[in-house]
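Q: 1111 is the number of the first residue of the sequence shown in the working numbering; add one for each residue after it.
Some hints here could point you the wrong way.
[Unchecked claim] The calculated DSS-like cross-link candidates involving lysine-lysine, where the alpha carbons are at most 27 Å apart (straight line), are:
#, residue 1, residue 2
1, Lys-1122, Lys-1208
2, Lys-1131, Lys-1113
3, Lys-1113, Lys-1151
4, Lys-1167, Lys-1133
5, Lys-1220, Lys-1235
6, Lys-1167, Lys-1235
7, Lys-1199, Lys-1220
8, Lys-1127, Lys-1234
9, Lys-1127, Lys-1220
10, Lys-1151, Lys-1208
11, Lys-1113, Lys-1127
12, Lys-1220, Lys-1121
13, Lys-1121, Lys-1199
14, Lys-1220, Lys-1133
15, Lys-1151, Lys-1121
Derived from the structure by calculation, the hints contain no laboratory data.
Remember, it's a predicted structure, so these values are computed and weren't measured experimentally.
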Amino acid sequence: MDKVEFKNLCKKVFYEKGFTKNKHGYFIENNDYLLAIFLQKSNYGMCYYVNVSYSVKGYNTKIPNITGEWDAEFMERIAFPFLDGSVRKLSSMLELDKFHVEDIEPYFDKAFEEWILPIFHGGKKEALVNI
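Between the sequences and the hints, there should be enough to build the whole structure, so can you do that?
A: The following block contains the structure:
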């Protein structure tokens, strides 16, 4: 997979989940959170990190905005497969050139189903269980 394929996959997945793109990130909000996802390019090859951050409304006085200045109460990265020789492990760093789009999309789906959206929709009580 190349950089364009990866970014197109991210756009497709995030838009399907209700996110909107503003400058450098994807955003969605409800009464409890502003949820932001940012793609971070690694300095070491064709690798990316997918950073997921939650800003708690009513607590955070510096809610993320489209100017690129943002703050979050808690963050996590989506885990992707990582090849250690012939052994497949999980890592927050995605090596684009080692996988195809169809290999990676299920990892996005799993992250959204298992923790990203349950915390977002479940509110602050759900966050305490999952972080």
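Q: For each hint, tell me whether it holds in the structure or not.
A: Checked hints:
1. Lys-1122 to Lys-1208: At roughly 21 Å apart (the allowed maximum being 27 Å), Lys-1208 and Lys-1122 satisfy the hint.
2. Lys-1131 to Lys-1113: 17 Å, holds
3. Lys-1113 to Lys-1151: With Cα atoms ~10 Å apart, Lys-1113 and Lys-1151 stay inside 27 Å; holds.
4. Lys-1167 to Lys-1133: Holds. Lys-1167 to Lys-1133 sits at ~21 Å (cutoff 27 Å).
5. Lys-1220 to Lys-1235: 21 Å, holds
6. Lys-1167 to Lys-1235: 14 Å, holds
7. Lys-1199 to Lys-1220: Holds, because 16 Å separates the two Cα atoms, which is no more than 27 Å.
8. Lys-1127 to Lys-1234: Between Lys-1127 and Lys-1234 the Cα gap is close to 20 Å, so the pair holds against 27 Å.
9. Lys-1127 to Lys-1220: Holds, because 13 Å separates the two Cα atoms, which is no more than 27 Å.
10. Lys-1151 to Lys-1208: 16 Å, holds
11. Lys-1113 to Lys-1127: Status holds; Cα separation ~21 Å.
12. Lys-1220 to Lys-1121: Distance of about 16 Å is within 27 Å: holds.
13. Lys-1121 to Lys-1199: 25 Å, holds
14. Lys-1220 to Lys-1133: 26 Å, holds
15. Lys-1151 to Lys-1121: Holds, at about 16 Å.
Every hint from the earlier list agrees with this structure, and none is contradicted.
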